[in-house]
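Top to bottom, those sequences are chains R and D. Position 149 of the first sequence, counted from 1, bears residue number 467 in the working numbering, the numbering being contiguous throughout. Position 43 of the second sequence, counted from 1, bears residue number 361 in the working numbering, the numbering being contiguous throughout.
Rather than coming from a laboratory, the hints here were simulated on the basis of the structure. Misleading hints may appear alongside valid ones.
Identical chains blur together in the list; that is why a pair holds if it fits in one copy or across any two.
Derived SDA-like pairs: lysine to any residue, alpha-carbon spacing no greater than 25 Å straight-line [stated by the list, open to error]:
| no. | residue 1 | residue 2 |
| --- | --- | --- |
| 1 | Lys485 | Asp397 |
| 2 | Lys481 | Phe422 |
| 3 | Lys454 | Leu322 |
| 4 | Lys481 | Asp359 |
| 5 | Lys454 | Val466 |
| 6 | Lys485 | Gly396 |
| 7 | Lys454 | Ile379 |
| 8 | Lys454 | Leu325 |
| 9 | Lys454 | Pro350 |
| 10 | Lys454 | Gly367 |
As the structure is a prediction and not an experimental result, all values here were calculated from the model.
Below are the chains, spelled out letter by letter.
2 protein chains.
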Amino acid sequence: MGSLSSLIWAFWYILPAYFANASPVLVGGGRPIDGGRTWRDGRRLFGDGKTWRGLIGGVSIGTLVGVVQYRLTPSFYGDFRTAVLLAFLLSFGALLGDLVGSFFKRRADLPRGAPAIGLDQLGFLISALALAYPVKTLSSGQIIFLLVVSPFVHWGANYFAYKMGWKSVPW
Amino acid sequence: MGSLSSLIWAFWYILPAYFANASPVLVGGGRPIDGGRTWRDGRRLFGDGKTWRGLIGGVSIGTLVGVVQYRLTPSFYGDFRTAVLLAFLLSFGALLGDLVGSFFKRRADLPRGAPAIGLDQLGFLISALALAYPVKTLSSGQIIFLLVVSPFVHWGANYFAYKMGWKSVPW
């Protein structure tokens, strides 16, 4: 899959997506994006767990991470505009993937907060990689590496958030 | 994500994994791989759905697909040995991913055949891409494309198998 440094750069690249994905735990709450609306199956479109504050807060935090990343490693991005646009697309992609995932979870009649093994760990990542692709992408080895290790990072992070009392469930 | 032909080559590349993943529906049954053994949580290791016949049949069918692929497009593979080894790794990777997925589903106490949105559609694919990577890989754009469209291909195929009476559930 490449040298150790290329694997560390893969994490560095995807960092805004991780931050955006994790931030609704801290900045979430408020008015739900679906405004209480239901799909034709009578169930909520996304549910109360997906809010405007979580979305805007998550994209803001992820994009800010990109600003800090550019200050630390400007040559990885080339120019400031690329770094910020990349971080925005990674963050927005992560939360869009999460939203689409919620839509499918509601269709499968899973309650809010119920785990969907795979979707929860991979949906945000694939969506982030897809949206950011036109601006800057990784090598195929780096992408495969992120896909294999992300579920474990995700589980570890959620378990940590649960132990810290930030989440009510360990997933 | 690249030209249309590069997306068709991405499907051509991954085809043995799809065949291996689908074949236990047809060739499955027989003695379970876990031999009835349980994990420390008291639940089955993989369950009755994962059998030696399904594993060996799936790897055989997927590898045979690679033989046919080499006859049709030899220049894509370079040589016969590469084509067969690639098809074997894609098939074995797909079924290994499926097996690991079953392990996590049993740990989450999901019954045999219960859907896990995401894991069912992506686990086999990521595992196949990872095992085949050292022999031949795709571009990052092709990988992202497969990750985004595979869930829909998977759902379509399962729904077709259900309608044909090959599967008892539409997932």
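Right, here's what the structure says about each hint:
no.	hint	verdict
1	Lys485 x Asp397	neither (37 Å within a copy, 53 Å between copies)
2	Lys481 x Phe422	between (28 Å within a copy, 21 Å between copies)
3	Lys454 x Leu322	both (20 Å within a copy, 20 Å between copies)
4	Lys481 x Asp359	between (36 Å within a copy, 22 Å between copies)
5	Lys454 x Val466	both (21 Å within a copy, 18 Å between copies)
6	Lys485 x Gly396	neither (38 Å within a copy, 52 Å between copies)
7	Lys454 x Ile379	within (20 Å within a copy, 38 Å between copies)
8	Lys454 x Leu325	both (16 Å within a copy, 19 Å between copies)
9	Lys454 x Pro350	neither (32 Å within a copy, 45 Å between copies)
10	Lys454 x Gly367	neither (31 Å within a copy, 41 Å between copies)
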